[in-house]
Amino acid sequence: MPHAGRMGLFAADPACVFCDIVAGRVRASRVYEDARVLSFMEIHPAAPGDLLVIPKAHAAGLEDIDQTLTAHLFQVVHLLARALRRSELPCQGVNVFLADGEVADQTVFHLHVHVFPRTANDRFRLEVRWLDRSRAELDDDAARVRDGLARSGYRYGHP
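The opening residue of the sequence shown carries number 27 in my numbering; numbering runs sequentially from there.
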């Protein structure tokens, strides 16, 4: 279940399977580990080599971690995507996927990034009905996102 508080790491959630993996109470096929991040194989993979990257501290979603941890998490995602391409597993490309929130189909409410190895003719599909947007609509959308940045303490072009 997602936590009500935002922007903060939480103590381990006793109902969180990923916290149990971090603590060693649940077995996982670990791939990478450092003081802040853990990666392990997905137990229901889309393909051999399908893995997850998580912060070790419990955080339900992206808003619950700071930019430093976010940057580190994605540095590890990048490292593992490169490792998949250099491994002996079938991997001609990589998809990176993060579901943040229930409406985004997040099913385990401990932030995690999927790293999927891809091959020609694999079974992985992303079904999206892409929208046609006019330049005016795109400009309006961009302005709304910039407003969100401003509410987060950022000015467009200035961190």
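Calculated directly from the structure, the hints in this document are not laboratory data.
Cβ atoms here follow ideal geometry from the backbone N, Cα and C, with glycine treated the same way.
Some clues are possibly wrong.
To be verified - Label-pair ranges, simulated between beta-carbon atoms:
no., residue 1, residue 2, range
1, R161, A61, 19 to 27 Å
2, L157, A61, 18 to 26 Å
3, A130, R159, 14 to 22 Å
4, R155, P40, 34 to 42 Å
5, R56, L88, 17 to 25 Å
6, A168, H104, 22 to 30 Å
7, R170, A125, 17 to 25 Å
8, P74, G179, 40 to 48 Å
9, D166, P74, 42 to 50 Å
10, D60, D166, 17 to 25 Å
11, S55, G179, 34 to 42 Å
12, R56, R170, 35 to 43 Å
13, S55, V171, 33 to 41 Å
Let me make sure I understand: some of the numbered hints might not hold for this structure. Which ones are they, in numerical order? 1, 2 and 10
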